[in-house]
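Between the sequences and the hints, there should be enough to build the whole structure, so can you do that?
Residue numbers (my numbering), protein chains in the order written: chain E, 1431 to 1781; chain S, 17 to 200; chain B, 200 to 376; chain X, 1017 to 1660; chain W, 74 to 469; chain F, 1290 to 1459; chain H, 19 to 118.
Rather than coming from a laboratory, the hints here were simulated on the basis of the structure. Here the structure is a predicted model, which is why all the values come from computation and not from measurement. Be aware that one or more of the hints could be misleading.
Claimed, not checked - Quick list of the computed label-pair ranges, beta carbon to beta carbon:
| # | chain 1 | residue 1 | chain 2 | residue 2 | range |
| --- | --- | --- | --- | --- | --- |
| 1 | W | Asn356 | B | Arg212 | 42 to 50 Å |
| 2 | X | Phe1191 | E | Ile1635 | 46 to 54 Å |
| 3 | E | Phe1736 | S | Lys173 | 47 to 55 Å |
| 4 | B | Trp338 | S | Pro59 | 39 to 47 Å |
| 5 | H | Arg103 | X | Ser1020 | 50 to 58 Å |
To be verified - In silico DSS-like cross-links for lysine-lysine, where the CA-CA straight-line distance does not exceed 27 Å:
| # | chain 1 | residue 1 | chain 2 | residue 2 |
| --- | --- | --- | --- | --- |
| 6 | W | Lys328 | B | Lys280 |
| 7 | S | Lys54 | S | Lys144 |
| 8 | F | Lys1421 | E | Lys1776 |
| 9 | B | Lys345 | W | Lys163 |
| 10 | W | Lys163 | B | Lys280 |
| 11 | B | Lys345 | B | Lys268 |
| 12 | S | Lys32 | X | Lys1041 |
| 13 | S | Lys144 | S | Lys160 |
| 14 | S | Lys153 | S | Lys173 |
| 15 | E | Lys1620 | F | Lys1421 |
| 16 | S | Lys104 | S | Lys151 |
A virtual CB, placed ideally from N, CA and C, is assigned to each residue, including glycine.
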Amino acid sequence: MNSFLEPILAPFFGLMLTNIVIILIKVAIVIGITLLHVAYATYWERKVIGFMQFRLGPREVGWFGLLQPIADGVKLFFKEDIIPATADKPIFYLAPVIFFVSALTSLSVLPFFDGFAVANINIGLLFLLAMSSLGAYGIVMAGWSSGSKYSFLGGLRSASQVISYEIAMGLSLVGVMIMSGSLNLTEIVKAQSNYPTGFYAIPQILGFFVFFVAMFAETNRLPFDLPEAESELVAGYFTEYSGFRFAMFFLGEYTGMLIMSAIGTLCFLGGWTLPKFIMDLLPFLSELPPIVWVVVFLGKVYFFMFLYYWVRATLPRYRYDQLMNIGWKVLIPLALVNIVFTGTLKIMGWF
Amino acid sequence: MKNSLVKIMFFTEILKGMALTFRTLFKPAVTRRYPLVKVPAQPGYRGLHALAKDNTGRMKCVGCGLCGAYCPSQCIHIYTTEGEDHNKVVDRYEIDVLRCIFCGFCVEACPFGAITLSEHYEYSSYSKNAFYMNKEKLLANWDKYFEGEKGNQYFKKFWRPLTEDFKGNPEQAMFSKITRKEKS
Amino acid sequence: MEPLQIAEKLRERFPDEVLDVREFRGQVSVTVRKGKIVEIGRFLHDEPDLYFDYLVDLCGVDYLGKKDKRFEVVYHLFSIKHRHALRLKAEVPETDTRIDSVMPIWTGVNWHERECYDMFGIVFAGHPDLRRVLLPEDWEGYPLRKDYPVKGPAQEWSGFLDVLDRSKKYRQFDWQG
Amino acid sequence: MMTSYALIPLLPLAAFVINILLGRKLLKENAHWVSIAAVAGSWVVAVMALFDVLSGAKINYDVYTWMLSGGFKVSVGFLIDQLTVVMLIVVTTCSMLIHIYSVGYMHGDPGYYRFFSYLSLFTFSMLMLVMANNFLQLYFGWEGVGLCSYFLIGYYFDKKSASDAGKKAFIVNRFGDFGFGIGIFIIFLTFGNVYYEPVFSQAGNFANASINFLGFDVHLMTLIALLLFCGSVGKSAQMPLHVWLPDAMEGPTPVSALIHAATMVTAGVFLVARCSPIFSLSETALMVVALTGAITSLFAATIGLVQNDLKRIIAYSTVSQLGYMFLACGVGAYTAGVFHLYTHAFFKALLFLCAGSVMHAMGGELNIQKMGNLKKYMPVTYITMLIASFSISGFPFLAGFFSKDEILWMAYSGGSPVGKFVWAIGTLVAFLTAFYSFRLIFLTFHGSFRGTHDQEHHLHESPKSMTVPLMLLCVGAVAAGWVGIPALIGEQIGVHNYIAEFMKPVLGHPEGHGTHGEELGIMIFSTLVGLSGIGLAYFMYILRPELPGRIAQQFSAVHRVLFNKYYVDEFYDFIIIRPTIWIAKNVLIGVTDARIIEAIVNGVPNAIAAFSSGLRRVQTGLMQHYATIMATGILLIVAMMLLR
Amino acid sequence: MEDIEKPFETKELTISMGPQHPATHGVLRLVLNLQGENVIKCTPYVGYLHRGVEKLGENKTYFAALPLTDRLDYISSMNNNVGYVVAVEKLFGIEAPERAKYIRTILAEMGRLSSHIVWLGTHVLDIGATTPFLHAMVAREKILDLFEMICGARLTVSFPRVGGIRNDISQEFLDQLYAFILDFPAKMDDYETLVTENRIWKERTVDIGVISLEEAVNWGLTGGTLRGSGSDYDVRKYFPYDAYDKVDFDVPVGKNGDCYDRYLVRVGEMRQSIRIIRQCIENLPAGPVMADAPKFTLPPKDMVLKDMEHLIHQFILITKGPTVPEGEIYVGSEVPKGELGFYFVSDGTGKPYRMRVRAPSFVHASALTRLCEGGLIADVIANIGTIDIVLGECDR
Amino acid sequence: MLQQLFFGYYAFTIIILSLLVVTRRNPVHSVMWMLLLFFHIAGLYLFLNAEFIAAIQVIVYAGAILVLFLFVVLLLNLKEEISLKQFVGSWPAGLFVTGLLFVSVVSVLGSYIQGPIGKYSIAAVRSETHTKALGKLLYTEYLFPFEIASLILLVAVIGAIVLAKRKLRS
Amino acid sequence: MVPLNWYLILSAAVFMIGMFGFLTRKNVIIMFMSVELMLNAVNISLVSFSHYLQDMRGHILVFFIITVAAAEAAIGLAIILALFRNKQTAHVDEMNEMKG
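In structure tokens, the structure reads:
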């Protein structure tokens, strides 16, 4: 990416600015593409769940309903923005922004294919965890500032849920960190592709399981969508939001799903790479230009997204205290066992 | 016991559910795309009212008022005057469709088979007046929805009870006539 | 036990209370005075060979102009164990519409009594929460009384602000709380 | 390859963790699978280790360093040499068989998963103990097995006697471990290290060193050896700390077999054998060891003669046999001791398991006076127990014969100053052992049934999961000794004394000073002694069953003393427990508490109260005022420093 | 309940759940006093749908009051109709002919199926599983289509008549119904696959809203809600009406009286309904579908204009109603929600002097207080779902 | 120059934000400003080449501790207290003391002696990555303090549970 | 190059602001947050020392401080909750039980 753009841009901007411009271009590409995917993620969700329920999903707007997300977006953006009288206004305004921005910021460290990440930082994984924990602020603030009791309960639930599952998720990723010996996502993927089994999901099956469950809880999706359980709390923390602000929450949530899927892909399913044994089998694959691998990456991400939809179509919702029990009494111990296990095997040189 | 252990460890019951939803993914949807594709109402559907005409095209109603008396929601209003040859003349026959509960009792009450409920079910409008049916509109409905033999068939089938209901009908639906065999 | 036997038994136990026993289509109604209704209920509930554990229904009937005592409270009792039923009717005069609540015996009668109060104005003494149940708290009159017009009282709607005003009286909790 | 040795202890640990975490809710009746799989895995790796060692490898490495502080290094490390391997095989084999046996024995117990998790934890600790390459890890394993032993003895914790027995075992062991701990401290003090290798290799340098201990100049090696031996005495239930072992029979029978016969109690012997470089440097210590062993074995054997509790007899027999092993070590014949440890593990575990099987059939009845003629109902148990008894009695060519004979020969010929004396005792004990073992057999399996009718009706052979381990162990009880056939016989049939050769690099092999003739004589003599013990038992309990009662009456004083186990428990009660309680009650509560402490406690605040009632007005109770004053204080200090 | 452990006490929170709330199935309003997530007090408010059915019934003839019962439990209006008709027949002292009884039984069980399907779907939906709802609705659609086929309406059927049924069923209807009945068990298995064994479902329902048998009877619970606690009280068995004494079916009974048992009971009832319908179809007798009781049933239409007597009957029955013996009667019937009872006081005229509807949902709604207190908010949802109330019936 | 500019921005914002944190009437607003403050401090750490510290600053402080604060603020729901005075009566004393303390601390700054330079130069840390360098130190030289820290956390968890949990009789 | 002293002054300023908050705020939670502020101030100076002395020990200390801060937050907030339960207030001037 850099090598491609630098010679083109350098004459115009000079080297110093070129770097900034390249970064800006990357940011634009990433955000643009992601938002498009987010929009269509909602479309696919409705389609998939619809088909799973003998329905058709959206199909009236555009060909097969393909313009539905855009219609929805337009509708949301032009809707009246209602602010409850009891709301704490500054925070009410700020909450969706925090939520959305924290989700978008996470995108900056995701490598989509080899060498393409807005910022390829050494502590990428930590950065992702940090950002995903910030989303909780948006939710809690939204819940509190709405001045509605349902929102408030949703906010409280979300705060404790995100804190609890943050731990499980962080611990589940420790196994991957141990195996790859790095926190840099690109390094993790590379270490993974050179590992005999390819995907870390196989040796890290326990960690993968914990991550998989925590993933649902972190993004407030069924069966852990307690903060917005519509049958209990109407819509949870965003009950009082409408229009543009609601859209921010909506987009933030789906971006969060996309990011969690991307983390899962990068840490457990080998990111944009294929396992080594396949590459050895089909050597011509390594001749392909790096950008082609983004297809593999997106394929895996969409596999995760499909799992999100699939689970949502199948499972009922947990209760709040059961959710906490699972987080603290099942997932965290499992993740710890996984760490001990991985660490032991690492010491013994088997990993 | 062992079974439950396996169940807990490997999420068999959840996986079964997931398998079911996944299978459904490939089954045809049952969605009826309503405004585009309309499902015809079954014969005898209790929809919009109509006032029957006889073969000569005259209104069957004689203004006896039984329908209005029987109507549970009391939405039928009939105004009659004495005609030339001391006949009753139905001046106004009005139905407040917004009050009507479409129970079909008026059909049952009418000794002459003058009032019917058509198969038409899409009645929406921007004004209340559209739902205040007067005699003319009701008669027009008859022409619209019961043209030809349809009207006669309607009475034959849905103007009940008939004598056969009290005596037993030789053409009754019976199970033994069912050809379909039970799935083994 | 046959319903008539039950009625006899009841008469034996409470000779002064039982006023009338009638049978219609196999169903037996026992008319009693309202004074000892709780004792009667307790007897019917606790006696082992009666054991009316299930109070099917409680309702009021307004015999305006038909009987001396204007109201009757009707209890439908059933014993799931013995499979026998009994209808108990307590007479309540218009002048004193108080009758004791049987809630201590059959908890499920709670809302039935509230409804009876709601519709007939019969006051159940000892009921823990005797409020209107189906009608709004500020409703006036008792709709199921025979002297209540079928189409409701002829009254103009006094406007939203008035409703808001009245509702303050019944407000139970504070939205800000 | 090396790393895989870590699996040996880790697998049982993993089993423990899985069982304790998931057992109650998930595994329940399936808990044994995890444990058995883990132990079987350990066993496989242990066998692999055996082959590695056989091919000449000696492995000593640190798996994980936990703490590094100056010269002090705490790590988890493994030393796998011949001694370790023998112990590994013994521990994993017995452990595995007993795990399997427990499936049947503990079936339906509410704490099923708990039992197996403790067993796994025990196996883990025991393996850590034997595989340790430093004293600290040894100590860790030592305490670990003690803890598990406590758990398992008190397994039926709702039974008071069981929980008391658990506490007793724990406390009595503390006495020994106290010495052991000090021993390790002194080792660290002396060598600046707690690793075997440097310690043993440098031990020779300190052969003549002495140390000031409690104001006395003591021979250093003797002191260390005796302190370490303290631990052995506690763990291996030697005089005078033997009291806990018979009581420990309150635990489930597999536990008795595994912990209190085959493995844990032999840790003491293992310790002495492992520290043989230290012991060998101190004649005094060796003498103490030999005498303790000899006396204990005699002492326990005599008690065993008259007991009626099935498991207690075997328990005293265990104490006695352990004494035998110490006797062997004490005369310098470590190999013989370890060899006996190895054979003993099989036949004693077998005896216990048979006892468990009998108990299972009798519905928990343990009094042998109430049994009889069980051979009719439980043939498998009978035959296996009979073979075990023959083995322990030193019947020719069974496992016990070779190891016992080796010990006696070594004692006789080894050149130890007390050698001849302990040989005599040993021979006497052999006679007693044969006698009480067969007393047990005859009373239990022969004669007529003396229990209740109910019990008789209920008698049945145990399930497969119990009898199969019995048969497997029986093979061990017969054949385990064949690796140690003495040269005397071995030369005739062309086999070597494999075990002696195998162990030589670690334990050395003192050559006997006798001739083949003497050796043959001793062998025949001890065999005859054993056979005569069996004969006497046969005479007294089959031919003339009324005789024992008469003898008991005749020598009622002796019988009473023996029956009450020499009144050791009562003695301890009198000299230790009661005074302690008395002191606690009268001195501590009465005087110290009431007079001294309370006076201080009450007096000081009274004085302060008087003083502070004036000061209290300054206190507003508001935290921030105090904080502000504190900040002012800091300000003043900083200012002072600035202005200075 | 001696020792409830609560994490900590914070300010009590009062929330008003409903009347507009996704989980309250209509216009039920619950005022919940919360301590954190724990429900300290739960007060139901009903009456938003009160239409004065009893008062209206007193001013209509026995015939004309029938459509009112459609609107009680609008999900299973067929059952209400049947219950009403059975009660009125008993008051009149007439019997419907066999064929009509069988057909009414079939229809009532179809109504029960459709109601239980809605209950299953919404209950499961409340607990978060969306798919069973839509899967179940597909089957309900078929039932509604069948209803439409025979009576021209999908929900408010008003089909049975005093003394029989409105019109005979068609062969097409019978064939389609039989085919549906043969297919339906497999569909039931599908719904159950998604929930019955599911661990989340079990955690959400097992031991939630437990009510003991004694307490349940004392509260006056009926139907599946009572049977979940272990009673076998079923009006169809205790006071058989229509053809229920001629078919063979079991009454599913629960054990613990928790949400899960109530769920199992209702699912079992659905399977029993299939059994009943099948037996009824297979044994359907031939013959009339209206009772030959000219004083109590409308005369045949083809005779009205031919025969004076019939004409007079037509006019009298429709304007004044039948002449009814004086007396009072209570007749219960088993509707999907529980025991629906009608109590008539007749004063000899064609209109009931007093018409009382004993609505099961009304009683069940009052028991919400008992079921929800001490649980969590989420349990309130499970409880509302599991007692299966319809506010139209509750408020009347 | 650029560095000074960056530092200037950070320093200015941090001070303003800390002032906002301690002066807001509504604790929720305080928490919001504190969140922003933590981000700026994390930025400052990045500026000082301490990327791991910056990350845990965000994860632990912002992601855990501050959420906990927020959680408690919400639980207590202190609406009526917001309208009361936010400072204690003796606040001038506090201001005076802290002001003087600040002055004296700043005046110390001129007179310290720089210690020896260590071996972890910026380049060295970069080549090894900061996380790895820190991890190596933590797990070898500072293992013991590290474990004590974990013990403290454990104790804190237990303590918090004991304090917050209590049995209610009803 | 930014001189070390700048960082130290910044740190001192933040510390003093935190201290001011602790000494003067009524709300216990805000007082508690002031304490966190002070800890952060210390962290700033430690990290900058570390940077300028090229030594990791400062970072290690920061690490431990963050750990302790987490522990302290958990305990402190639990105490605040317990206090609130008894007093129904979070204002520190109501909490004068220490008054003699």
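Against the structure, the hints:
| no. | hint | result |
| --- | --- | --- |
| 1 | W:Asn356 <-> B:Arg212: 42 to 50 Å | 47 Å, holds |
| 2 | X:Phe1191 <-> E:Ile1635: 46 to 54 Å | 49 Å, holds |
| 3 | E:Phe1736 <-> S:Lys173: 47 to 55 Å | 51 Å, holds |
| 4 | B:Trp338 <-> S:Pro59: 39 to 47 Å | 46 Å, holds |
| 5 | H:Arg103 <-> X:Ser1020: 50 to 58 Å | 56 Å, holds |
| 6 | W:Lys328 <-> B:Lys280 | 18 Å, holds |
| 7 | S:Lys54 <-> S:Lys144 | 25 Å, holds |
| 8 | F:Lys1421 <-> E:Lys1776 | 17 Å, holds |
| 9 | B:Lys345 <-> W:Lys163 | 25 Å, holds |
| 10 | W:Lys163 <-> B:Lys280 | 24 Å, holds |
| 11 | B:Lys345 <-> B:Lys268 | 14 Å, holds |
| 12 | S:Lys32 <-> X:Lys1041 | 23 Å, holds |
| 13 | S:Lys144 <-> S:Lys160 | 21 Å, holds |
| 14 | S:Lys153 <-> S:Lys173 | 24 Å, holds |
| 15 | E:Lys1620 <-> F:Lys1421 | 18 Å, holds |
| 16 | S:Lys104 <-> S:Lys151 | 15 Å, holds |
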